[in-house]
Amino acid sequence: MKCSEFLALLDDLMDDSLTPEVRADFEQHLSGCEHCEVILNTTRKTIEIYRSHEIYDLPAGLRERLHAAIMTRCKKSC
Amino acid sequence: MSTIQSIAGELEPHPDVALVERVREGDVAAYDELVRKYERQVFRIAQHITQNREDAEDVMQDAFLKAYEKLDQFQGNSKFYTWLVRIAVNESLMRLRKRRTGKMVSIDEEIETEEGSVPRDLADWAPDPEQNYNQAELAEILRKTIQGLPQGFRIVFVLRDVEGLSTEETAETLNLSIPAVKSRLLRARLQLRERLSRYFHRKKGPGETRNEK
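Chains A and B supply the protein sequences, listed in that same order.
Start counting the first sequence at 670; every next residue gets the next number (the working numbering).
Start counting the second sequence at -7; every next residue gets the next number (the working numbering).
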């Protein structure tokens, strides 16, 4: 397996949707390629860090304004 | 859509199904529950696409109101959340078009076509790289980094990796093919990874050389 083939399968690896044969090829490539090991680990970390940190806080009062707007519509149509 | 339906059909009914049913019967408190459940996700998506706080607030409000009004059109053959995300994405793109009057806005914008490039940067990261920054600094780094991605990559990354949609759901939401979603996701992940490496790489000890070209 070449590095470019390894990269093309990253998505399937992270989705755990590789067949056992391809997964074995993947592991074999990984064991001998420091480059791809770093790419895999840091890509995983990239996703984890974006998942676990709230970078846009919900503005204060937005939920209340939305609730009021929904209630207004509801009075018209409910 | 049929794929999603068949997958959903094999599982327990999603808790949203009962909430949607209650809203349809006139129970507005059930809609409040749906809002509370998904308000953060909808706001994040709107903010990631519009990159503007005011627009994101408007989009969130419009998306939930539109979903409320169109609930009768929701067929239940996809998840309520996916249906809501699609509304939020469309509202966000419409908002962008209004801002950039006369200029077409699409998720194909700024997409390069080069494929299969292997990153050259080999710099490994520190074990817990975020520990080197406080929360505010880290949030700023993450915002700045993702804002630098082309729009078409950013939306795919946000829907797939941050908001947890499947490849199929992302493709359906953005009217893209599955290979297009996969290709954009890979490039988004690799570009983000490379950009974050500037902040998170492991400090080299004396005598070690950086293995970068």
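Just so you know, the hints here were simulated from the structure itself, not pulled from any lab data.
Don't be surprised by glycine CBs; every beta carbon is placed ideally from N, CA and C.
Misleading hints may appear alongside valid ones.
[What the hints assert, rightly or not] If you want a taste of the chain A side facing chain B, the calculated C-beta under 8 Å gives, among others:
no., residue
1, L679
2, A737
3, M740
Are any of the numbered hints broken by this structure? If so, which, sorted upward?
2
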